[in-house]
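Asks: So the sequence lines, in the order shown, correspond to chains L and S. Note that the numbering used here has the first sequence beginning at 1, numbered continuously upward. Note that the numbering used here has the second sequence beginning at 1, numbered continuously upward.
Hints in this document: simulated from the structure, not taken from any laboratory. A portion of the hints provided could be inaccurate.
To be verified - Residues of chain L placed beyond 12 Å of chain S at every Cβ, according to the derived structure:
hint	residue
1	SER8
2	LEU16
3	ALA19
4	TRP61
5	PHE65
6	GLU100
Unchecked claim - So the derived label-pair ranges between C-beta atoms look like this:
hint	chain 1	residue 1	chain 2	residue 2	range
7	S	LEU123	L	SER8	33 to 39 Å
8	L	LEU9	S	ILE208	55 to 61 Å
9	L	ALA103	S	PHE192	40 to 46 Å
10	L	SER8	S	VAL130	33 to 39 Å
11	S	VAL15	L	ALA99	32 to 38 Å
12	L	GLU7	S	THR135	34 to 40 Å
13	L	GLY13	S	VAL15	55 to 61 Å
14	L	LEU9	S	GLU63	21 to 27 Å
Being a predicted model, the structure only gives us computed values, none of them experimental. Don't be surprised by glycine CBs; every beta carbon is placed ideally from N, CA and C.
As a plain string of letters, each chain reads:
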Amino acid sequence: MAAQEPESLRELGERLDEAQRRNVRRDQQPPPTQLGIAFRFATELVAALLVGGALGWGLDWLFGFFGIHTRPLFIVVFFMLGAAAGIRNVMRAAKELNAEIAAHPASSVKDDEET
Amino acid sequence: MAMNPMEQFTIKPIVPLHIGGYDVSFTNQSLLMVIVAVAASLFLTLAMAKRALVPSRAQSMAEMSYEFVANMIQSSTGDDGLRFFPFVFTLFVFVLFANFFGMIPGSFTVTSQIAVTFALAALVILTVIVTGFATHGIGFFKLFVPKAPWPLLLLLVPIEVISFLTRPISLSVRLFANMLAGHTMLAVFAGFVVLLGGAGGALSLLSIAPMALIVAIMLLELLVAFLQAYVFAILTCIYLNEALHLHDHH
Numbered sequence: 001m002a003a004q005e006p007e008s009l010r011e012l013g014e015r016l017d018e019a020q021r022r023n024v025r026r027d028q029q030p031p032p033t034q035l036g037i038a039f040r041f042a043t044e045l046v047a048a049l050l051v052g053g054a055l056g057w058g059l060d061w062l063f064g065f066f067g068i069h070t071r072p073l074f075i076v077v078f079f080m081l082g083a084a085a086g087i088r089n090v091m092r093a094a095k096e097l098n099a100e101i102a103a104h105p106a107s108s109v110k111d112d113e114e115t
Numbered sequence: 001m002a003m004n005p006m007e008q009f010t011i012k013p014i015v016p017l018h019i020g021g022y023d024v025s026f027t028n029q030s031l032l033m034v035i036v037a038v039a040a041s042l043f044l045t046l047a048m049a050k051r052a053l054v055p056s057r058a059q060s061m062a063e064m065s066y067e068f069v070a071n072m073i074q075s076s077t078g079d080d081g082l083r084f085f086p087f088v089f090t091l092f093v094f095v096l097f098a099n100f101f102g103m104i105p106g107s108f109t110v111t112s113q114i115a116v117t118f119a120l121a122a123l124v125i126l127t128v129i130v131t132g133f134a135t136h137g138i139g140f141f142k143l144f145v146p147k148a149p150w151p152l153l154l155l156l157v158p159i160e161v162i163s164f165l166t167r168p169i170s171l172s173v174r175l176f177a178n179m180l181a182g183h184t185m186l187a188v189f190a191g192f193v194v195l196l197g198g199a200g201g202a203l204s205l206l207s208i209a210p211m212a213l214i215v216a217i218m219l220l221e222l223l224v225a226f227l228q229a230y231v232f233a234i235l236t237c238i239y240l241n242e243a244l245h246l247h248d249h250h
């Protein structure tokens with residue numbers, strides 16, 4: 001009896017560990033929805049355009065303030081830079097998304113296997 | 001009958017207050033923010049008050065949210081990001097509660113105001129900048145210098161700077177636009193129910209269709225409410241990670 005107890009304790013421990021591991025997997029972050037991904041990319045792109053345009057407009061205003069007529073040079077240049085930054089943002093977001101998926105490989109597929 | 005779907009977003013003063021020419025009235029917006037902050041603090045304090053070994057439902061909810069955020073920070077910024085736990089946790093819980101309180105019919109959605117979401121996003125970016133300079137000093141500017149031959153840098157550095165400046169905008173606009181769009185959609189369909197119901201005859205029966213749609217959208221909005229709080233928190237973590245580790249990914 002005394003020799004059996006540690007045995008059953010260890011078994012219990014193993015079962016607890018396994019249950020915990022299963023729980024951890026279930027607690028993992030929610031998978032991003034398609035709509036969420038689309039929305040994220042869209043805002044990244046549009047926000048960069050806005051920031052670029054605003055920066056260019058601001059620079060034009062600043063130069064105009066000092067009597068140098070640049071409009072619309074800066075707004076054009078920075079709008080394009082903003083577009084580039086937007087694409088850079090989207091690429092970065094896609095990379096993050098890939099890393100996220102790689103870290104927790106296809107949780108939905110795994111759940112299907114378990115059931 | 002107010003049929004304007006945007007009417008729900010108007011800020012109405014409750015206690016008018018003017019200080020030095022500025023309108024600092026206590027509005028329905030302020031009221032909801034107070035309710036959200038108090039409800040979140042009360043919930044977490046009361047849920048953890050017993051500190052039971054076998055948690056009650058409320059306690060396990062509090063513990064789960066703690067673990068959820070702690071895991072999120074650890075997986076995206078590593079162990080040294082954990083000192084930002086109080087910050088990220090507060091942000092997450094505040095946005096989550098604000099979104100959920102906004103789902104109560106007749107209440108007010110705090111996060112549908114760009115002023116609120118932009119203030120939160122600005123707070124995040126300021127924290128990122130301060131952290132970046134505190135950990136790397138002037139080397140934080142390396143964040144804007146990607147590995148490339150130097151002639152290209154003339155083009156790439158402005159792009160990186162713009163890309164960085166984009167963050168507070170995209171962070172705030174995403175939350176604000178999601179909430180605004182969702183609640184406007186709900187109000188529009190609710191308007192259909194009233195219009196069809198008032199039309200009389202067979203048309204009144206048709207009003208069940210938009211009603212059913214509202215139920216479905218309501219469920220979707222509950223998911224969005226959680227998801228947007230999550231996205232806000234995880235992006236905060238990602239930005240903090242960049243400030244802590246620059247480009248070297250651990």
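Asks: So, for every hint listed, does it hold in this structure?
Replies: Here's how the hints hold up against the structure:
No Cβ of chain S comes within 12 Å of the Cβ of SER8 (chain L); the nearest lies about 21 Å off, and the non-interface call holds. At the 12 Å boundary, the C-beta of LEU16 (chain L) stays outside the reach of chain S, the nearest C-beta of that chain being 14 Å off. Interface exclusion of ALA19 (chain L) from chain S stands, the closest Cβ pair being 15 Å apart, more than 12 Å. Every beta carbon of chain S lies more than 12 Å from that of TRP61 (chain L), the smallest distance being close to 17 Å; the non-interface claim holds.
In this structure PHE65 (chain L) is separated from chain S by more than 12 Å, as the shortest Cβ-Cβ distance comes to about 21 Å. Against the 12 Å criterion, GLU100 (chain L) falls within the reach of chain S, whose nearest CB is about 9 Å from its own CB. The hinted range of 33 to 39 Å is not satisfied by LEU123 (chain S) and SER8 (chain L), whose Cβ atoms lie roughly 53 Å apart. Range check, LEU9 (chain L) to ILE208 (chain S): Cβ separation about 60 Å, and the 55 to 61 Å hint holds.
For ALA103 (chain L) paired with PHE192 (chain S), a C-beta distance near 43 Å keeps the hint of 40 to 46 Å intact. The beta-carbon spacing between SER8 (chain L) and VAL130 (chain S), approximately 54 Å, falls outside the hinted interval of 33 to 39 Å. Under the hint 32 to 38 Å, the C-beta atoms of VAL15 (chain S) and ALA99 (chain L), about 49 Å apart, miss the expected range. The supplied range of 34 to 40 Å is broken by GLU7 (chain L) and THR135 (chain S), whose beta-carbon atoms lie about 51 Å from each other.
At about 59 Å, the beta-carbon gap between GLY13 (chain L) and VAL15 (chain S) stays in the expected band of 55 to 61 Å. LEU9 (chain L) and GLU63 (chain S) have their C-beta atoms about 25 Å apart, which keeps the hinted 21 to 27 Å range intact.
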